[in-house]
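Given next are the chains, with one letter for each unit.
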Amino acid sequence: MRKPEFIYVSYIETTPERLWEALTSSDFTKRYWWNTSVVSDWKVGSPFSLLLNGQTTDVGEILEADRPRRLSYSFHHILNEAARKERPSRVTFVIEPHGKLVKLTLTHHDFAEDSVVIDGISKGWPAIMSSLKSMLETGAPLVIPLDALFIAELDEVYRS
Amino acid sequence: MSHSVPSFVYTTYIETSAEKLWHALTDGDFTERYWFGHRVASDWKVGSPYKFARQGTGSVEGKVLISDPPKRLAYTWDPCSPDAKRERTSRVTFDLEPRGKVIKLTVTHDNLDEGGKTLRDISGGWPMVIASLKSLLETGRALPADLPSCAAEKTDA
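Chains A and B, in that order, give the protein sequences.
Okay, so the first sequence: first residue is 1 according to the numbering used here, each after it adds one.
Okay, so the second sequence: first residue is 1 according to the numbering used here, each after it adds one.
Since the hints were made in silico from the structure, they are not lab data.
Relax, there's no trap hidden among the hints.
Derived list of chain B stretches under chain A, where covered just means 3 residues or more per stretch with a C-beta under 8 Å from a C-beta of chain A: (1) 13-25; (2) 95-101; (3) 130-144.
Here are the simulated lysine-lysine pairs, BS3-like style, with alpha carbons at most 27 Å apart: (4) A/Lys103 x B/Lys117; (5) B/Lys117 x A/Lys3; (6) B/Lys71 x A/Lys123; (7) B/Lys101 x A/Lys30; (8) B/Lys85 x B/Lys51; (9) A/Lys123 x B/Lys101; (10) A/Lys123 x B/Lys20.
Note that the Cβ used here is the ideal one computed from N, Cα and C, for glycine as well.
Please work from the sequences and hints to get the whole structure.
The structure is reproduced here in structure tokens:
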């Protein structure tokens, strides 16, 4: 049986450099990713964490950082108990020029068997990537209600 | 499970109304702008035929299966290319759901042949078409790009 993975491709009218900045700078991510901060020095082997409204939701380690082409980090959701017990999965962004556009391929893969995380990330990434595209093209991110995504792992955050 | 028929699902969120999005999916003048020159034509009644054509040459055709504006649209999908003709008729479903001030659009393309040309083409094609649709509705401009060989008849082989 094929291993489960989540792949999301988008085409954005921007430059690879701006897209890299948008993925790695909290000034950007806080705008399009429900006030989420990304904390890392983006060097291979360095720690990485996501904070939603100041609360750490995910941690990991930078596995690849080839600005502005390829970024990969391990991804361990720690808010929800069942997810915390799982081994980390892996997130990879590939940024490729495509004519006047940039093709962004997000792959979330290497999940633990019977992963409980895959359901939540499958709901979350399309919303985050849609808002990112809007922000880069129009200057304004999307306002998508987080609770409308029904991500069980983040229940505690939006109840707080 | 190994014999399950593959399906392709792509979800995006667009700052628009469900009515505008429905129009964008069903109006030939509109699809021509973001669908890289492909115009769609149909009366969008259940059982009616529809057809996509670029510069007068047919690219995809089928019949309308579900037409529930502005919530759900489904049609069969028969590419006009000779290679794809040998494959089973697949199916495309669009679900439009309001989420706050934006619309969640889910495109589900199913009943595809494992390893077939249609699966390969649509897996590359939908992210590009939907990205262009989103850009057109949000910025007033479609994406300046060409569709990969997918919906075009010509093959380089």
